[in-house]
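Number of protein chains: 2
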Amino acid sequence: MNATDPVTLWFTGLPGSGKTTLACLMAERLRQQHGLKTEVLDGDGVRRMIGGVGYSREDRRRHVVSSAFTAFMLNKNGIFVTAAFVSPYRSMRKEARDLIGRRFVEVFVECPISVCRKRDPKGLYKKFKDGLITGLTGVDDPYEVPIDPEIVLKTDDYTPDECLLKIEEYLKTR
Amino acid sequence: MNATDPVTLWFTGLPGSGKTTLACLMAERLRQQHGLKTEVLDGDGVRRMIGGVGYSREDRRRHVVSSAFTAFMLNKNGIFVTAAFVSPYRSMRKEARDLIGRRFVEVFVECPISVCRKRDPKGLYKKFKDGLITGLTGVDDPYEVPIDPEIVLKTDDYTPDECLLKIEEYLKTR
Numbered sequence: 000m001n002a003t004d005p006v007t008l009w010f011t012g013l014p015g016s017g018k019t020t021l022a023c024l025m026a027e028r029l030r031q032q033h034g035l036k037t038e039v040l041d042g043d044g045v046r047r048m049i050g051g052v053g054y055s056r057e058d059r060r061r062h063v064v065s066s067a068f069t070a071f072m073l074n075k076n077g078i079f080v081t082a083a084f085v086s087p088y089r090s091m092r093k094e095a096r097d098l099i100g101r102r103f104v105e106v107f108v109e110c111p112i113s114v115c116r117k118r119d120p121k122g123l124y125k126k127f128k129d130g131l132i133t134g135l136t137g138v139d140d141p142y143e144v145p146i147d148p149e150i151v152l153k154t155d156d157y158t159p160d161e162c163l164l165k166i167e168e169y170l171k172t173r
Numbered sequence: 000m001n002a003t004d005p006v007t008l009w010f011t012g013l014p015g016s017g018k019t020t021l022a023c024l025m026a027e028r029l030r031q032q033h034g035l036k037t038e039v040l041d042g043d044g045v046r047r048m049i050g051g052v053g054y055s056r057e058d059r060r061r062h063v064v065s066s067a068f069t070a071f072m073l074n075k076n077g078i079f080v081t082a083a084f085v086s087p088y089r090s091m092r093k094e095a096r097d098l099i100g101r102r103f104v105e106v107f108v109e110c111p112i113s114v115c116r117k118r119d120p121k122g123l124y125k126k127f128k129d130g131l132i133t134g135l136t137g138v139d140d141p142y143e144v145p146i147d148p149e150i151v152l153k154t155d156d157y158t159p160d161e162c163l164l165k166i167e168e169y170l171k172t173r
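If you read the protein sequences in the order shown, they are chains A and B. Each residue of the first sequence is one higher than the last, beginning at 0 in numbering that gives the first Met the number 0. Each residue of the second sequence is one higher than the last, beginning at 0 in numbering that gives the first Met the number 0.
There could be a bad hint or two in this list.
Copies of the same chain look alike in the list, so a pair counts if it works inside one copy or between any two.
Cross-link-like lysine to any residue pairs, in silico, SDA-like; alpha carbons within 20 Å at most [said to hold, decoys possible]: (1) K36 <-> K75; (2) K126 <-> E94; (3) K75 <-> R46; (4) K93 <-> G50; (5) K75 <-> G34; (6) K75 <-> L35; (7) K125 <-> L164; (8) K121 <-> P111; (9) K36 <-> K128; (10) K93 <-> K125; (11) K75 <-> A26; (12) K75 <-> K126; (13) K75 <-> D43; (14) K75 <-> L98; (15) K93 <-> R47; (16) K153 <-> P111; (17) K93 <-> T3; (18) K117 <-> L170; (19) K93 <-> M48; (20) K153 <-> N1; (21) K165 <-> I132; (22) K75 <-> M48; (23) K93 <-> G51; (24) K93 <-> V151; (25) K121 <-> P159; (26) K75 <-> R47; (27) K128 <-> I112.
It is worth saying that the hints were derived from the structure and are not from the lab.
Construct the entire structure; sequences and hints are all you get.
Okay, here's the thing in structure tokens:
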């Protein structure tokens with residue numbers, strides 16, 4: 000963990016798995032305890048800023064890859080990035096990895112969908128149940144589990160603080 | 000011109016008007032003579048990194064607005080941005096301006112199309128003439144001239160160095 004070697008921690012997982020929470024907490028930790036410059040990129044936040052981004056496979060792909068480009072540019076300029084994106088397909092995560100290069104750290108936020116559904120922080124599972132939305136990742140849209148992520152965080156078994164420690168351990172031995 | 004108040008110099012104009020050249024030279028000037036942190040965002044470069052971005056109006060819009068988001072994030076982190084994008088429609092430049100806010104500086108790179116066609120640095124006008132491409136801005140696709148840009152640079156009348164001076168003058172009085 001070194002100010003001259005910024006990385007992008009790329010949190011992927013189901014809606015409600017804890018990506019955004021961990022991305023925000025980890026950015027705070029890196030800033031406060033390690034004195035690093037950080038930026039959070041949150042999938043929904045980026046969508047709000049850009050507008051008109053749908054949920055087709057190509058829309059999702061472009062959303063992920065153009066956000067990866069932003070992360071790349073921030074890293075290039077010395078900023079650590081924590082990025083929270085469902086990024087459901089392996090192929091699009093591979094594109095993000097190829098774009099960002101060795102600074103890309105895939106963090107699989109693993110959580111059973113039954114737990115995600117109970118948390119439902121954005122009300123998406125309820126909206127799906129009520130027939131208001133379709134194309135919900137993990138329900139009627141695919142989520143391809145990472146095969147070889149750098150870090151796995153089981154957010155139903157571990158506290159947020161334990162998850163942050165696990166990331167710190169990884170970054171220290173990197 | 001102040002390291003704590005980074006801006007995005009947004010160069011818009013026809014293909015071959017000199018956007019990329021001026022964006023690169025201006026970034027170099029800000030870095031070397033003013034000690035500022037800079038990044039160049041070039042429309043074609045971003046397209047190459049992201050892939051799969053077409054030339055429909057919506058594709059162009061999203062390309063411009065997601066690049067504006069990258070510029071916004073870089074500004075937020077203290078980096079001056081010079082951005083070279085044809086960005087042919089007023090509405091998409093307004094979206095970029097709204098996203099970036101008061102840091103957005105529109106630089107209209109004005110040059111008669113006859114001159115751009117002679118320069119043709121990317122061979123686009125020739126490709127169009129040979130029937131290899133369509134949708135070329137200024138030829139069979141619209142370019143909406145900026146109504147009230149912060150800076151206008153007539154690249155057929157002024158040298159690159161004169162253009163850079165004009166930008167510096169603007170930034171000093173800003």
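| said: Let me make sure I understand: some of the numbered hints might not hold for this structure. Which ones are they, in numerical order? | reply: Structure breaks hints 2, 7, 9, 10, 12, 17, 18, 20 and 21.
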